[in-house]
Amino acid sequence: MKKTYGALVVGAGVGGIRAALDLAETGQSVALIDKKPNIGGILTQLDYQFPNDHCGMCKMLPLTERDGSSQFCMRKGLFHRNIDIMLSTEVTALEGEPGKFMVTLRKRSAFVDPNKCIGCGKCSEVCPVKVKSDFNAGLTKRSAIYLPVPHNIPNHYVVDLDNCLRCWQCYNACPTGAIDFKFEERQGFHILVADSDPKTFEDMKDWLQDQNFPLRHVFDGDAAVDALADQSRQVRILFLDMGLPGSDPEKVLRRGLELNPDLHVVLMAQPDQEQAARELAGQGAKDVLLKPFEPKRFVPWLDKLYMRMMSDETLDLDVGAVILAGGFECYDPGEVGDVLGYGREPAVVTSVEFERMCSGTGPSNAKLIRPGDNKPIKKIAWLQCVGSRDLKKKADYCSSVCCMISIKEALLAKKLTKGEAETTIFYMDMRTFGKEYERYRQNAEANDGVKFVNARIHSVVPADQTSGSKDIKVLYLDEAGRLQEEVFDLLVLAVGARPPVGTKELAEALGIETNEWGYCKTRYFTPSRTSAYGIFAAGSYNGPKDIAETLIQSGAAALEASRIITIYAPLTERTPEPQPEYRNVSRETPKILIALCTSCPILEQTVDMDSLVARLGGLASVAQVAKIGSACTKPGWEEIEALADKHSPNRILIGACQPYAYIPKLRELGQTIGLNPALMDVVDIFTPTAARQGEDKGAVEREVFSALSMASVRLLGADPTPLPPATQVTRKALVVGGGLAGMTAAMGIADHGYAVSLVEEQETLGGQAMNIRYTLNDEDPVKFMEDLIDSVQKHPNITVYKDARVVLSSGRAGRFTSVIATDQGAVSFDHGATVLATGGREANVYDYGFRVHKCVMTQRELEDQLASGALDTSALSGVAMIQCWRSRDEGRSYCSRVCCGQALKNLLMLKKRNPELPVYVFYRDIMTYGFAETYYTQARKAGAVFIRYDLKDKPKVEFEDKVPVITARDPILQREIQVRPSLLVLSGGIEPNEVSDLQEMFGVEVNADGFFQEAEYKWRPVDFLKQRLFMCGLARAPGNMSETIASAKAAAQRAVRILSEMRLTSGSVIAEVRHSLCSLCGKCISVCPYGARSLDLEQDMILVDELLCQGCGACAAVCPNSASLLRGFRDQQVLSVIDAALNGLNYGRARAAEPETATQTEGGES
Amino acid sequence: MSQTEVKDTKTKKADLEARALADIQDMVAACMQCGTCTASCPNSFAMDYTPRQMWRMIIFGMLDEVLKSKTFWLCSACYTCTLRCPRGLPLTRAMAALKRLAALRGGEQRKKAAFYKEFINNVHKYGRVQETGLMFSYFTTMMDPFLPLSYAPLGLKMLGKGKLHPPSGAHKGKLDAIFDKVKQMEGTT
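Here the protein sequences line up with chains A and B, keeping their order. Mapping the first sequence onto the numbering used here, position 889 (from 1) lands on 889, and the numbers just tick up by one. Mapping the second sequence onto the numbering used here, position 153 (from 1) lands on 153, and the numbers just tick up by one.
Just so you know, the hints here were simulated from the structure itself, not pulled from any lab data. C-beta atoms are modelled at their ideal positions from N, C-alpha and C, and glycine is treated no differently. A few of these clues could be false.
Here are the simulated BS3-like pairs of lysine-lysine, each with C-alpha atoms no more than 30 Å apart in a straight line [as the list claims (entries may be wrong)]:
#1 A:182 / A:35
#2 A:941 / B:161
#3 A:912 / B:68
#4 A:941 / B:172
#5 A:116 / A:205
#6 A:941 / B:99
#7 A:854 / A:952
#8 A:418 / A:35
#9 A:941 / B:68
#10 A:296 / A:286
#11 A:116 / A:697
#12 A:122 / A:182
#13 A:504 / A:470
#14 A:392 / B:172
#15 A:418 / A:379
#16 B:172 / B:161
Estimated spans, in silico, between C-beta atoms of each pair [claimed, not checked]:
#17 B:19 / A:533: 50 to 58 Å
#18 B:19 / A:912: 47 to 55 Å
#19 A:392 / B:187: 18 to 26 Å
#20 B:88 / A:912: 19 to 27 Å
#21 A:487 / B:183: 29 to 37 Å
Chain A residues, not near chain B, derived (Cβ > 10 Å throughout) [as the list claims (entries may be wrong)]:
#22 125
#23 385
#24 390
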């Protein structure tokens, strides 16, 4: 059946997941597909991420309505009721228009039935094939039947048909018959051989004897056409000889395809007929085989062809919008030859391989030992820009992420070796342009002893060939020009990014443009739109990005997609889900129903079920223990429903496998029988049986019993009082700041039909972006801003308050009231979400003769003068620019990231007007990340001279007759140079605007540099820790117009997510206050990271906003009186679970003696 | 190249130099000072400036200092730097262009260029290098009585091994066509 989705997301890495979640949370249904057999993209391979060097992927899971999606480790799997995940699936065609696209997908079969596979791994053991494991970046081998990611849930084996030998050993080894090679179905799969030579057919018949195919033979073209017309035995594969008598092959081919468009035609040709056959192949034949055939290759080939034809599926979907999140691939240095020793020296690895070496699921179990000789690694070098910034490899762009990855890896190496490892990073420019990057680098250098060397390694040779040691010697030229040699245990090549394989084909299928490096092309002011309307670029599909920016880009793409869906294919009726009515069981005695799923044969083989059932029946408050068929099937589930009806329990415990899959089912069950799903639980009783097969029966039984008894005690102690009622959401938004970010966010929200109030301090809209007169890529920012201001002012849903300030904001999550002071008086405004886009400004430091001499100006002033024509470039004798004038300095530990681009923009404009004009740029690291790198190359080609300086040796500026004289040291020539330009241009960087009043009003934090502090640098880049508040633009972090637009759209999407709900319910685990014990000390208020607690002075009590509370438990831990407690995690509940676990240990021993131990858990509760 | 044009360019030598320098600057402008050229250069040990410093000086327009250096004269055109340069710059071509530029200047540079000039004359004349003839014409051009003495030990060693032969005219004139063609091409470019 054809399915309809709001959006199709192509690529299930973090970028795709973010976009899918963003849409799913607003109620859209999403199809999330990936060509790989697993989700997670490249991050499945990377265990540690900046800045805390942990994973943290789960932090992107929904926080509001958090009971609605399974809150499981994201590296294992993603479960959301609105997201359908399809793996090994690719888009093959797209038709239609925005709002009603028809997409055709091809799903490659895994040939393993996920319902039968128990993950025992016997198939993999017997498989004779060993190929490089993609997961471990080729450092280990895997079989042709394998687990794509070892820690996934659910984790099923898949067959890699391309590498499969068709030996069928796995098929025979599988204990559950999960491997499906469609043996029986072969009898209905007709193959026709049309060849005048009977030998061809005889051979084939001989070879294919074991394959069970019905093979037929015809000698001429006419007979072939007749056979093809026989509908009762429809031919699926036609072997067509090029020299067939009668009707010529072309006619047979055409007729065959007319009769059955899916007919797979294989042309058989003598070597001299190849050309003709290839031509015919263009008319619909799928393959050309040259005679004579080799049975060794022919048989597996045909078998695989059959498997693909029978098992692969073609799916058709109707979708409203398409989001592309294909990510990027890592550059393979293997293709360059052996200059850097990769592939020749085992001590030379790529950064991805190094990540795997550090990983617990990697080849060496997180021990840093060298591949090849297992020597412990103590001295490691990193080489930056391998495959990036390389004109020769057609990669005139910066991959943006490798610098930070290398610093992180260096710190990781230190951690794994307990600080022993010596780490050196060889770089050209350290591009630490992102938020908190520069501080991370400075700490790595100053506190952790990571060495940074500005040099490029040019050769790698064995350190000592005679001893057979695998150490390597790297040769490089230091800045002073001396040749240096250094011996290392390991050299890590920081490989750059490449567009994902298949981008070109996908672009053709979808009709979108790619840029000159093969990435998806997007425009500067519409960073998430591809060239085709209704198709959007998320994540790093339009250029390599780090995680935070990937997620921002995905948020922006989700907003655009959601806008398209709203306009062209609105959800027919977004009725809020019926508020389920649960019966109040708080006054009933606990009655637990335990249902054990027995569908898996190994459970009954390893566990004595009768004894287990008897034991469970003896547990406190257990009313009924039942064995059921299979819980995951419909009849099995009906059994549970019937049992619940019959016994009307008020707690339900199910023992089955894959507990994460039951979350939506429990919710349904709750609605049917009127029991709160918080009083139900599913326990995994399968893993102990599978993992410990063959072990002592008692031990396995003990483990199963222990898991079940712990869960039953936990349920016993669960709080049965009904949840607080859902809060109505005020479906309006407040946007503070009327600059580019604020206006973009306001437009994004307003386009979804929600009312927005936009508050701007100044008398005009536009903010800093109004100072931008032209861009590097020839876009027109002036017109763009005029249009944007115009549309904001005309938008029916936006109320603009200029010359106004927010003076007061109060209320509860979802229902805020703010007071806006305008010149007309104060206005009060109710809103459910808030976006803070307060912006920043160009930093001005009065230094280097700035504001003393007319010839000294900022880049912005130069831009102004160039745009207005006030500056006569032909009258200039030279221009000098000083970068990082006050950035990345003591007290300003961040890179303003826009200045280098701005300098290049002005420089290229100067050179365009006057190509002879000498331009000197004094810089520390040129931060032309991403595709901006190409403008750096252009600037150098245009003849601008770039002179690097160090913080400890800054350029000195003096003035002679009002002409600046700049003295600096050229590190290459190692001598002083002096330039006397007619203009000195300074890059001052960006500072955030002062926000202390807003901070107090909204209860939000800023970081050490004064920018807003996000909930999490990487995973929640536009969220405040306090719910319902979002940030974007310069107030979040420095960025150019394109990046500001992306962050504003991402923030708008987050706000739309809140506003799309009519009402919000809290999670089941939230904090409560026992007011009788509370001494109002206020410790819980300051410790709450979410700002969920407040002191109500009128009532003299601490209040908890149950929507803001995330159930972390910090308040319960800090409260001296135990007045603060966590619903669903009370002390006695946790203690009795521990008791149950301990009793479970005694189970084996106590079993024979007497069955009373378990019931004693009640004692633990008192 | 016609006679009059040659005369004309001679009067505008400074101009020509400036243009040649600009050409070389263009060749190396995109250099990002990674030093791969220097590190790969087999002759760098004998150079007074490293190739990287040389490019830097060219970018800064320090022509006089560049021409005082012997670095570019020591380039043996092995093309390793060109092959390895991550920016894909034509470095060997730039070295050759520097040699031509130096030869243009005359004076001290004329002497430095003498060996190259005599070498190619010798090849032209004999159709291949004839060592004895080459050294003889080189010494005559240099007009330095001590120069032959400094080569005497090498000469004797080669003589002892039977490596020195009187010039042979067997291949005389055979390369004329190539040289004419080159002249013609240079005239047009």
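Status of each hint after checking the structure:
At most 30 Å may separate the alpha-carbon atoms for a hinted pair to count; residue 182 of chain A and residue 35 of chain A meet this at roughly 23 Å. Restraint check for residue 941 of chain A and residue 161 of chain B: the C-alpha separation of about 52 Å exceeds 30 Å, so the hint is violated. Between residue 912 of chain A and residue 68 of chain B the CA atoms are separated by roughly 34 Å; this puts the pair beyond 30 Å, and the hint is violated. In summary, the hint linking residue 941 of chain A to residue 172 of chain B is not supported, as the alpha carbons are separated by about 46 Å, beyond the 30 Å threshold.
With a C-alpha separation of about 34 Å, the suggested pairing of residue 116 of chain A with residue 205 of chain A is violated against the 30 Å cut-off. Only pairs whose Cα atoms come within 30 Å are accepted, and residue 941 of chain A paired with residue 99 of chain B is accepted, the gap being roughly 23 Å. Restraint check: the Cα-Cα separation between residue 854 of chain A and residue 952 of chain A comes to about 28 Å, which is no more than 30 Å; the hinted pair holds. Restraint check: the Cα-Cα separation between residue 418 of chain A and residue 35 of chain A comes to about 39 Å, which exceeds 30 Å; the hinted pair is violated.
Annotation: proposed proximity of residue 941 of chain A to residue 68 of chain B holds, straight-line Cα distance about 26 Å (limit 30 Å). Only pairs whose Cα atoms come within 30 Å are accepted, and residue 296 of chain A paired with residue 286 of chain A is accepted, the gap being roughly 21 Å. Of the pairs offered as hints, the one joining residue 116 of chain A and residue 697 of chain A holds, with about 23 Å between alpha carbons and a cut-off of 30 Å not exceeded. About 20 Å separates the Cα atoms of residue 122 of chain A and residue 182 of chain A, which keeps this hinted pair within 30 Å; it holds.
Of the pairs offered as hints, the one joining residue 504 of chain A and residue 470 of chain A is violated, with about 40 Å between alpha carbons and a cut-off of 30 Å exceeded. A distance of roughly 43 Å separates the Cα atoms of residue 392 of chain A and residue 172 of chain B; the hinted pair therefore is violated under the 30 Å criterion. At roughly 13 Å between alpha-carbon atoms, residue 418 of chain A and residue 379 of chain A fall within 30 Å of each other, so this suggested pair holds. This hinted pair checks out: residue 172 of chain B and residue 161 of chain B have alpha carbons roughly 26 Å apart, not beyond 30 Å.
Range check, residue 19 of chain B to residue 533 of chain A: about 51 Å between beta-carbon atoms, so the 50 to 58 Å window is met. Judged by the Cβ atoms, the range 47 to 55 Å given for residue 19 of chain B and residue 912 of chain A is violated: they are separated by roughly 22 Å. Checked against the hint of 18 to 26 Å, the C-beta distance between residue 392 of chain A and residue 187 of chain B comes to roughly 34 Å, which is inconsistent with it. Range check, residue 88 of chain B to residue 912 of chain A: Cβ separation about 24 Å, and the 19 to 27 Å hint holds.
The given range of 29 to 37 Å is broken by residue 487 of chain A and residue 183 of chain B, whose C-beta atoms sit roughly 53 Å from each other. Non-interface call for residue 125 of chain A relative to chain B: holds, since the shortest CB-CB distance, roughly 46 Å, exceeds 10 Å. With 10 Å as the threshold on Cβ separation, the claim that residue 385 of chain A sits away from chain B is violated: the shortest Cβ distance comes to roughly 8 Å. The Cβ of residue 390 of chain A sits about 5 Å from the closest Cβ of chain B, inside the 10 Å cut-off, so the non-interface label is violated.
Hint compliance for this structure: hints 2, 3, 4, 5, 8, 13, 14, 18, 19, 21, 23, 24 are broken, all remaining hints hold.
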